[in-house]
Amino acid sequence: MRRAFSLAGDCHMTSNNHKKIGKIMLAVAAITLVTAMFSGCLGGSDTETLTIAGSTTVLPIAQLAAEAYMDEHDNADIRISGGGSSVGVSSVGDGTADIGMASRELKDSEKAAYPNLVQHVVARDGIALIVHPSNTVSQLTVEQVRGIYNGTYTDWNQVGGPSRSIVVVGRDSASGTREFFWEFVMDKKDFVAGMLEMNSNGAVHSKVSTTQGAIGYVGLGYVDNQVKGINIENNGQYVPPSVQNVIDGKYPVARNLNMYTNGSATGLAKDFLDFIKSPDGQQIVEDEGFVPL
Amino acid sequence: MILMDSKKSGAVPLQKKSGRLTEQSVKYTLFITATVTVVTIFAILFFLLQSAYPILEQEGVWNFLTGSNWKPEGEIYGFPAQYGALPLLAASVAVTIGAMALSVPLGIGTAIFISEIATDRIRSIIKPVVELLAGIPSVVYGFFGLVILVNWLQVSFDIASGEGWLAASILLAIMALPTITSVAEDAIKAVPREFKEGSLALGATKWETIKKVTIPSALSGITAAIILGIGRAIGETMAVMMVIGNSALMPSLKEPFMPLKTLTSAIAVEMGEAPYGSMWQHGLYGVAVLLLVIVFIVNISSTFILGKIKEKHTASKSRKKKRVSPLLVQQAKHLGKGVIGVIVLGVLLYLFSIVVIILILVGIAGIWTAKKAVVRRIADRVKIARMTERIAFGFITSAVVVTAALLGIILYHITVNGAAAISWEFLTSPPRNLGREGGIFPAIVGTLLLVGGAITFALPLGMGAAIYLTEYTREGKITKIIRAGAELLNGTPSIVFGLFGLTFFVLYLGWGISMLAGQITLGLMVLPTVIRTTEEALKSVPYGLREGSLALGATKWQTIKKVVLPPSIPGVMTGAILSIGRAAGETAPILFTAAVFSQRFLPNSVFDPVMALPYHLFVLTTNVPGADAETNAYGTALVLVLLVAGLYLAAIAIRNRYIKSMKW
Chain A
2 MRRAFSLAGD
12 CHMTSNNHKK
22 IGKIMLAVAA
32 ITLVTAMFSG
42 CLGGSDTETL
52 TIAGSTTVLP
62 IAQLAAEAYM
72 DEHDNADIRI
82 SGGGSSVGVS
92 SVGDGTADIG
102 MASRELKDSE
112 KAAYPNLVQH
122 VVARDGIALI
132 VHPSNTVSQL
142 TVEQVRGIYN
152 GTYTDWNQVG
162 GPSRSIVVVG
172 RDSASGTREF
182 FWEFVMDKKD
192 FVAGMLEMNS
202 NGAVHSKVST
212 TQGAIGYVGL
222 GYVDNQVKGI
232 NIENNGQYVP
242 PSVQNVIDGK
252 YPVARNLNMY
262 TNGSATGLAK
272 DFLDFIKSPD
282 GQQIVEDEGF
292 VPL
Chain B
289 MILMDSKKSG
299 AVPLQKKSGR
309 LTEQSVKYTL
319 FITATVTVVT
329 IFAILFFLLQ
339 SAYPILEQEG
349 VWNFLTGSNW
359 KPEGEIYGFP
369 AQYGALPLLA
379 ASVAVTIGAM
389 ALSVPLGIGT
399 AIFISEIATD
409 RIRSIIKPVV
419 ELLAGIPSVV
429 YGFFGLVILV
439 NWLQVSFDIA
449 SGEGWLAASI
459 LLAIMALPTI
469 TSVAEDAIKA
479 VPREFKEGSL
489 ALGATKWETI
499 KKVTIPSALS
509 GITAAIILGI
519 GRAIGETMAV
529 MMVIGNSALM
539 PSLKEPFMPL
549 KTLTSAIAVE
559 MGEAPYGSMW
569 QHGLYGVAVL
579 LLVIVFIVNI
589 SSTFILGKIK
599 EKHTASKSRK
609 KKRVSPLLVQ
619 QAKHLGKGVI
629 GVIVLGVLLY
639 LFSIVVIILI
649 LVGIAGIWTA
659 KKAVVRRIAD
669 RVKIARMTER
679 IAFGFITSAV
689 VVTAALLGII
699 LYHITVNGAA
709 AISWEFLTSP
719 PRNLGREGGI
729 FPAIVGTLLL
739 VGGAITFALP
749 LGMGAAIYLT
759 EYTREGKITK
769 IIRAGAELLN
779 GTPSIVFGLF
789 GLTFFVLYLG
799 WGISMLAGQI
809 TLGLMVLPTV
819 IRTTEEALKS
829 VPYGLREGSL
839 ALGATKWQTI
849 KKVVLPPSIP
859 GVMTGAILSI
869 GRAAGETAPI
879 LFTAAVFSQR
889 FLPNSVFDPV
899 MALPYHLFVL
909 TTNVPGADAE
919 TNAYGTALVL
929 VLLVAGLYLA
939 AIAIRNRYIK
949 SMKW
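Residue numbers (our numbering), protein chains in the order written: chain A, 2 to 294; chain B, 289 to 952.
Quick caveat, the hints were computed from the structure, so don't treat them as lab data.
The structure presented is a predicted model; accordingly, all values stated were derived computationally and were not measured.
Certain hints may be false.
[Unchecked claim] Using 30 Å as the maximum straight-line C-alpha spacing, the simulated DSS-like pairs for lysine-lysine come out as follows: (1) B:359 - B:415; (2) B:477 - B:827; (3) B:827 - B:850; (4) A:108 - A:278; (5) B:359 - A:190; (6) B:415 - B:542; (7) B:596 - A:190; (8) A:108 - A:190; (9) B:359 - A:112; (10) A:251 - A:190; (11) B:494 - B:596; (12) B:494 - B:477; (13) B:494 - B:484; (14) A:189 - B:359; (15) B:359 - A:108.
[Said to hold, decoys possible] To be clear about the criterion: a stretch of chain B counts as covered by chain A if any three or more of its residues have a C-beta under 8 Å from a C-beta of chain A, and this derived list gives those stretches: (16) 444-452; (17) 758-770.
[Claimed, not checked] Example chain A residues on the side facing chain B (calculated, C-beta under 7 Å, incomplete): (18) 74; (19) 78; (20) 80; (21) 85; (22) 201.
For each residue, glycine too, the CB sits at the ideal point set by N, CA and C.
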């Protein structure tokens with residue numbers, strides 16, 4: 002008897018709880034719905050979207066150019082994602098992006114898969130060698146750099162510096178920067194085993210800026226007062242890594258940065274690419290530390 | 289059971305035909321939802337294997353597994369490419385072993401502390417600490433590792449670079465701690481009270497009881513905890529990739545700081561750069577298959593061991609009825625395993641060697657004074673036992689202190705530095721100048737949209753599957769297969785989900801990098817959690833209520849809808865919130881499927897890409913130079929941690945309320 006009574010009492014209590022919980026659930030559902038509608042409305046109907054994907058090296062140019070472009074054109078919505086050069090090529094080839102960014106040229110397999118891709122060179126990228134600011138070494142020849150990266154030189158005193166072992170910092174094997182460095186500086190020879198492999202320019206920069214014996218290679222945009230750029234020998238002259246020296250053809254280590262479209266660019270894509278190649282766009286390129294065309 | 293039910297409803301004359309039709313269609317719908325996990329597992333395996341096939345055909349499975357050089361970039365560089373996954377495999381194993389050496393003693397020490405030593409008050413502080421560690425997203429650990437841990441290692445060990453094996457192992461150890469602690473705690477709790485009481489009644493100290501009775505009895509559970517921790521560590525991607533240095537070298541014991549490249553970090557780093565359709569890309573799919581197989585084996589063995597425990601506990605109960613001393617039987621059974629226990633404790637001792645030495649010195653001094661003071665031999669022995677106990681508890685407490693300190697250090701850095709970045713503008717405006725200026729508003733909304741979509745997808749499916757499993761079937765072959773599917777899906781590393789999302793939704797279905805691809809990838813990832821928590825909630829409803837409803841003439845579906853589901857809603861909500869929390873912090877699944885670096889407007893449709901907090905943090909940390917970027921990275925990390933921790937706390941609060949208000 003007592004048991005039955007208590008059971009009824011409890012049931013009453015829990016059913017009250019259920020009502021409360023039901024209300025909570027309803028509120029959650031309502032919020033979800035409103036968010037969904039809200040996101041649908043904000044876009045507006047007359048905006049034109051442009052999707053850009055690919056190399057993280059080219060990304061800053063695309064990003065900053067897009068910001069400037071969107072300030073001028075209210076109805077343009079440009080979305081930029083990274084992923085890497087190969088993601089850029091395959092997504093523009095497959096039509097999931099309007100423009101693909103790549104810090105390298107197309108490979109044969111990619112040309113075969115996407116025969117219609119059109120290349121647009123938007124900037125050039127100088128590769129600077131950087132060391133810790135306290136390092137007394139300030140100039141090297143390409144041969145010396147190669148010697149450091151292939152393990153011939155292991156101490157700074159072998160290249161005119163103090164006695165301190167060299168910490169070789171490079172990029173991971175997936176990097177277009179590394180590929181370029183390997184072809185241009187390394188003569189396609191192996192890197193020293195035990196080279197630290199960073200997966201971004203930023204990581205190389207922070208490693209070198211915090212490690213006394215380190216040397217690394219990064220895009221010119223990453224040379225600042227936290228690291229020291231090394232002057233590279235070219236025709237008997239030691240040339241500092243700077244945008245002007247690349248433009249003048251004095252600084253030897255530079256490559257193309259590309260955007261690809263599937264077929265000739267049209268509409269917003271064409272307008273945007275034209276903007277990047279315009280004087281305003283090239284100013285952005287230079288401000289971010291890349292080399293204008 | 290199913291047969292019986294249909295007979296029952298057939299026998300009720302008032303039952304309408306349409307009602308029976310609904311009953312049938314409900315059952316089949318639920319069955320279909322229940323099969324989603326199994327279908328997903330097969331789909332993942334199929335798509336990965338299909339994409340990996342060319343490399344396995346070219347290299348041969350054996351050469352792929354045992355080749356000692358991973359140089360796939362040769363294909364595009366123009367030198368002979370080598371596809372040997374052994375260095376990656378060895379690195380994954382090495383990093384995991386390093387992580388376990390740290391987290392096993394810490395985790396088990398904390399588990400013993402929580403379940404055996406702590407008072408209720410202290411327990412109520414320590415448990416949330418451990419749960420919060422589980423709530424910190426992987427990418428935040430990676431960020432912490434990159435800006436704090438790596439530099440700290442570099443300075444304190446005077447090495448060229450902190451990035452490498454040890455840094456990754458330390459991070460993984462922290463990340464595996466919650467898994468190990470909670471499973472080990474459950475195992476220790478499951479040891480019958482009579483065992484301990486018997487031991488204490490015989491005059492053993494608390495420590496002697498823990499050492500000789502509790503731990504040996506819980507040993508298989510503790511083993512399962514370690515194995516689950518291994519599974520967690522080996523599949524971890526973002527944190528590892530950010531601190532490991534990413535050189536595909538063979539690990540050497542002489543160089544604990546050397547840079548390595550694990551299976552997971554190889555996929556995450558290289559997938560974006562491997563040319564489409566190249567052997568390199570196929571090779572990465574091969575790596576993913578290898579990773580999946582390892583994780584499956586690890587998970588199956590832990591399930592097997594946990595299953596054995598259940599059997600054993602039922603067995604020991606029945607033995608107890610026969611009045612055979614269970615303590616003796618347990619002891620004899622675990623004689624062999626006891627040795628392993630000693631080794632585990634040995635590792636504990638080894639790792640806290642400094643603390644150990646100090647405490648031993650204190651102990652010896654104590655024992656010496658004790659010996660001087662106490663004359664009688666028996667009293668002497670008691671004193672020594674008490675002293676040993678104090679020393680042992682000292683170790684265990686220090687394990688807990690280390691665990692809490694780890695959380696404290698991480699939260700302190702992120703809160704102090706992150707608070708400087710946060711302002712109204714930061715929370716409400718889009719990023720500018722590569723995220724160095726402006727805010728993270730689109731990332732906050734993007735994350736909410738991603739997790740909202742994920743749970744909208746996973747909740748109905750997961751609830752359906754759980755209802756089918758608990759209400760419509762008897763335990764048998766089908767439930768076993770479905771449960772195995774959920775189990776395997778639960779153990780699948782997040783980077784594998786990301787790869788599957790890329791292969792299936794983005795490329796095969798042609799959705800492109802889109803919100804929808806990310807939502808469903810995340811939804812599939814949290815599906816097992818939803819199923820498990822819903823099942824638990826349903827099972828907690830007493831069977832009598834169902835029988836009462838059925839006896840009143842309600843159909844099965846009516847009973848479920850009106851009687852079983854309402855009281856289990858809090859449990860289901862807890863599961864849903866936990867899932868949302870997990871999905872919100874994940875980076876690897878959206879890396880190739882949904883995330884975009886920058887966006888001024890919010891997405892128009894589900895086929896647009898979105899910004900997300902974890903991805904934004906990842907890009908800010910690794911790709912944007914400058915002090916402003918680091919400040920904003922801290923701000924993003926803080927917002928992300930607050931969001932996820934807030935969700936976890938909400939789930940904990942609902943769970944606690946639920947437990948209190950449930951009186952049947």
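| query | Which of the stated hints cannot be reconciled with the structure, identified by number in ascending sequence? | reply | 1, 6, 7, 17 and 18
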